[in-house]
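A.B. asks: Single-letter residue listing:
Number of protein chains: 2
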Amino acid sequence: MKRIGFIGLGVMGAPMAANLLKAGFKVTVHNRTRGKCAPLENAGARVADSPRDVAPGADAVVLMLPDTEDVNTVLFDQDHGIATTLEAGQVVVDMSTIDPASSVEFGRTLSAREVHWLDAPVSGGQKGAVDGTLSIMVGGSPDAFDRCRPLWEALGKNILHVGPSGHGLMLKLINQVAVAESLLATTEAARLIAHSGLQADKALAALRAGTARSGMLDLYPEKMLQGDFAPGFRIRLMHKDLRLAVNMARTLGLSLPGLQLLYTCFQEAEAAGFGEDGTQGLYRFMEKHYA
Amino acid sequence: MKRIGFIGLGVMGAPMAANLLKAGFKVTVHNRTRGKCAPLENAGARVADSPRDVAPGADAVVLMLPDTEDVNTVLFDQDHGIATTLEAGQVVVDMSTIDPASSVEFGRTLSAREVHWLDAPVSGGQKGAVDGTLSIMVGGSPDAFDRCRPLWEALGKNILHVGPSGHGLMLKLINQVAVAESLLATTEAARLIAHSGLQADKALAALRAGTARSGMLDLYPEKMLQGDFAPGFRIRLMHKDLRLAVNMARTLGLSLPGLQLLYTCFQEAEAAGFGEDGTQGLYRFMEKHYA
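Line by line, the protein sequences are chains V and S.
Per the numbering used here, the very first residue in the first sequence carries number 1199; after that it's consecutive.
Per the numbering used here, the very first residue in the second sequence carries number 1199; after that it's consecutive.
Hints were generated in silico from the structure; no laboratory data involved.
Fair warning: there could be bad hints in the mix.
No copy labels: a pair is met if it fits in one copy or bridges any two.
Said to hold, decoys possible - Calculated lysine-lysine pairs in the DSSO-like style (CA-CA distance at most 27 Å, straight line):
1) K1200 to K1355
2) K1224 to K1438
3) K1421 to K1224
4) K1438 to K1220
5) K1400 to K1486
6) K1400 to K1355
Chain V extracted, bound-state conformation (with noise of 0.2 Å):
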């Protein structure tokens, strides 16, 4: 596993591909801005107009796509997809957090050309990508997965081969729900405890001390509390998974109101305009919309 291409170059894709021409891999990179391959070019990469003219020479091309339907024109477009190239034992890497069951339908059309498919969606976000510490859950086949080996160690540190096509993304947006549901136990919180009179540090090693504690309330109160807004992760993406994971809960035939609500509030949220907030945003969007 030499030569890379490597397709989509937005907040996280960019700085992954630096990580790959870091890490020695040949990297050949496309995105729909060209502006956005630039830096990368000078840091070495060559550029491609079109992404069928990234998968000649590949042993892989990754894909690093806002959703669904990117990730099925970059594959399947008819005169520009990379379908229109990839040749057998070649393998596809999608990055992206996009559909399960569409994940696994691409991945059903490139094996009946023997081109493989892996499932990798990420967590750990810009820094993650920055400092190559991502975690990677992937999908797919144990062999593929094996051969992508090196690729995972220059981007990602938590790697974990989940299961076959499609566990990886389901798996990814498990975890937004219950980052999700657990950021709103974090914001009721930090709301009752602004409008109590609590003080609010004490209060805080109080609940952390306790079965109460989790992630986003290490991450978050003070953050919400002291009105620091800055992403981090941003609402608008989340909202993104949500609808995926509503979408699979569906799927799967699961009623989940929690999920349900949390798919509501960052609707809400983006709609009236903190869309680009961290997800910590959700407190002002709260203390504004639901007084």
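Dock chain S against the given chain V, drawing on the hints supplied.
C.D. replies: Okay, now just chain S, sitting in the frame of chain V:
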């Protein structure tokens, strides 16, 4: 602080009174159902037939009762209430979880007679009560708090003077809000894991390694998935605490959709016959009623 009156020998109160005896206090106990007094009488406690007979000679009277109305009756019943015998300088320590605003009122009434009043609700469950490792959140005057130090040391480990009258209870209820919402996050994640076909041990390890981590996620998913719903802390009691929290939020003028949802879920779960389950029984209630 040598002589303690203790009223309310339930699941929590009985082991707490036993710990006071072990620590060398002279303890007079009362319980509405007299049978519950026998083990403590055998351990050296004096038994009083009426709340009013508990106060004379006591440095402090501890209450550990189910709800606000029980505390009101034990304090102010015209014939049997301890207020009929309380004298200036005595301290009443209410360790029950009750309505904070009512608690503040009770304290105001007692302070007119120079009786001190502390709200001192606990967390840590039956195990904490037995082991003497409860967390105790105290509201009221710092002087009265300090005078009760020997009492705190016999009953708990994390002792926090939170602020003025009512603040111990407010913090306790905020803790319950955070715990209940965090429990829902864990419940919905566990349901998604069960229905998605993911390998539970791998999925849970991944969730616990990241920002989804929480006290509830540490404690309950295996019990949920294996069908172990033994209490712990009962659904019936969480339902009661959430009712108090909903009332507090209303008093503070806050709309908290997460709390409202959890209150509804616990209400439904109790109505459906799951009241004596541990709170992780939320899982089997939702599997049945939110299929």
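A.B. asks: The structure should be examined with respect to each hint, and the outcome stated for every one.
C.D. replies: Right, here's what the structure says about each hint:
no.: 1; hint: K1200 to K1355; verdict: within (20 Å within a copy, 58 Å between copies)
no.: 2; hint: K1224 to K1438; verdict: neither (32 Å within a copy, 62 Å between copies)
no.: 3; hint: K1421 to K1224; verdict: neither (41 Å within a copy, 48 Å between copies)
no.: 4; hint: K1438 to K1220; verdict: neither (31 Å within a copy, 58 Å between copies)
no.: 5; hint: K1400 to K1486; verdict: within (26 Å within a copy, 40 Å between copies)
no.: 6; hint: K1400 to K1355; verdict: between (35 Å within a copy, 16 Å between copies)
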